[in-house]
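Enquirer: Can you make the complete structure from the sequences, with help from the hints?
Okay, here's what each chain looks like letter by letter:
Protein chains: 2
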Amino acid sequence: MIPILSVVGRSNAGKTTLIVKMIAELVRRGYRVATIKHNRHGFEIDHEGKDSWRHKQAGARITVIASPHQVAVVEDIEKDYDIAELVNRYIRNVDLVLSEGFKKNPHPKIEVNRSEMKQDLLSTKEDNLLAIASDSPLEAGVPSFDINDTVGLVDLIEGQLLR
Amino acid sequence: MIPILSVVGRSNAGKTTLIVKMIAELVRRGYRVATIKHNRHGFEIDHEGKDSWRHKQAGARITVIASPHQVAVVEDIEKDYDIAELVNRYIRNVDLVLSEGFKKNPHPKIEVNRSEMKQDLLSTKEDNLLAIASDSPLEAGVPSFDINDTVGLVDLIEGQLLR
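Each protein sequence line maps, in turn, to chains A and B.
Okay, so the first sequence: first residue is 15 according to the numbering used here, each after it adds one.
Okay, so the second sequence: first residue is 15 according to the numbering used here, each after it adds one.
What the hints contain is simulated information worked out from the structure, not anything from laboratory work.
One copy or any two copies: either way a pair holds, since identical chains are not told apart in the list.
Think about it this way: if two alpha-carbon atoms lie no more than 30 Å apart in a straight line, the pair counts; the simulated DSSO-like pairs of lysine-lysine are:
hint	residue 1	residue 2
1	K64	K93
2	K118	K93
3	K64	K118
4	K117	K64
5	K118	K35
Expert: What follows is the structure, encoded as structure tokens:
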């Protein structure tokens with residue numbers, strides 16, 4: 015089983031920025047990382063008029079675009095898969111999966127919070143919360159890291175999930 | 015094994031247009047279709063600045079974007095996979111795969127040609143050529159269909175690959 019870390023937090027808390035920094039730090043340390051982002055309202059990918067876009071528009075259920083170094087796949091699915099199902103279907107040969115946008119999930123979590131939002135945390139220790147990343151220390155019975163302390167957060171991830 | 019049909023032809027012969035029409039006709043007949051397009055020089059997908067794009071830029075080897083009805087995956091690969099390998103890795107639950115852009119391959123083929131190109135066919139019967147789609151009849155020891163005769167071409171595909 016590939017370890018999964020779920021990054022949670024309210025809208026505009028800075029989840030993507032934190033994930034991007036964590037990816038860079040993990041890659042610097044030699045880890046292979048995958049990400050899964052959930053968009054409840056669907057997403058746009060590909061570009062209107064491109065061949066692959068035309069295939070999908072015409073009714074193809076799966077469109078694969080292949081090149082020597084990268085593959086892209088757009089696939090229609092029958093249900094809203096959870097993180098573990100998506101990992102099982104689409105992810106291999108990585109050391110860690112970072113997920114964002116999945117509301118309730120059982121995986122270890124980091125919650126991102128900023129004081130200007132003046133809002134409580136979404137998660138508790140019982141939700142498998144490993145740590146908080148915030149611009150001001152928060153008390154929740156788990157370690158609280160500065161939102162910019164990518165090295166500290168990745169040290170924690172390494173210790174808890176990658177050993 | 016999911017049947018594979020390779021659509022071949024020179025640049026600008028009209029391969030994508032034919033594929034798009036065939037997809038629509040196959041879907042109309044109740045078949046589930048996947049497509050694989052090979053771009054030797056790489057491809058652009060996703061949109062600069064989007065979260066998934068930022069994940070990939072930061073060094074993620076695989077980025078999955080999930081929604082209730084569609085999933086997209088962008089994955090770094092180590093080698094240029096052939097059609098059968100791509101089908102094996104990325105395609106399931108379809109009745110037929112249409113491929114485009116793979117130069118030499120052993121799969122059954124339709125070659126698209128237009129007379130104004132004044133160029134010979136790329137394939138022969140020995141390359142597993144099933145039929146020609148052209149704006150003027152061509153003699154190559156296989157059936158020659160009008161380039162707009164999507165129904166005739168799909169009848170042939172149905173008879174040869176989907177029974």
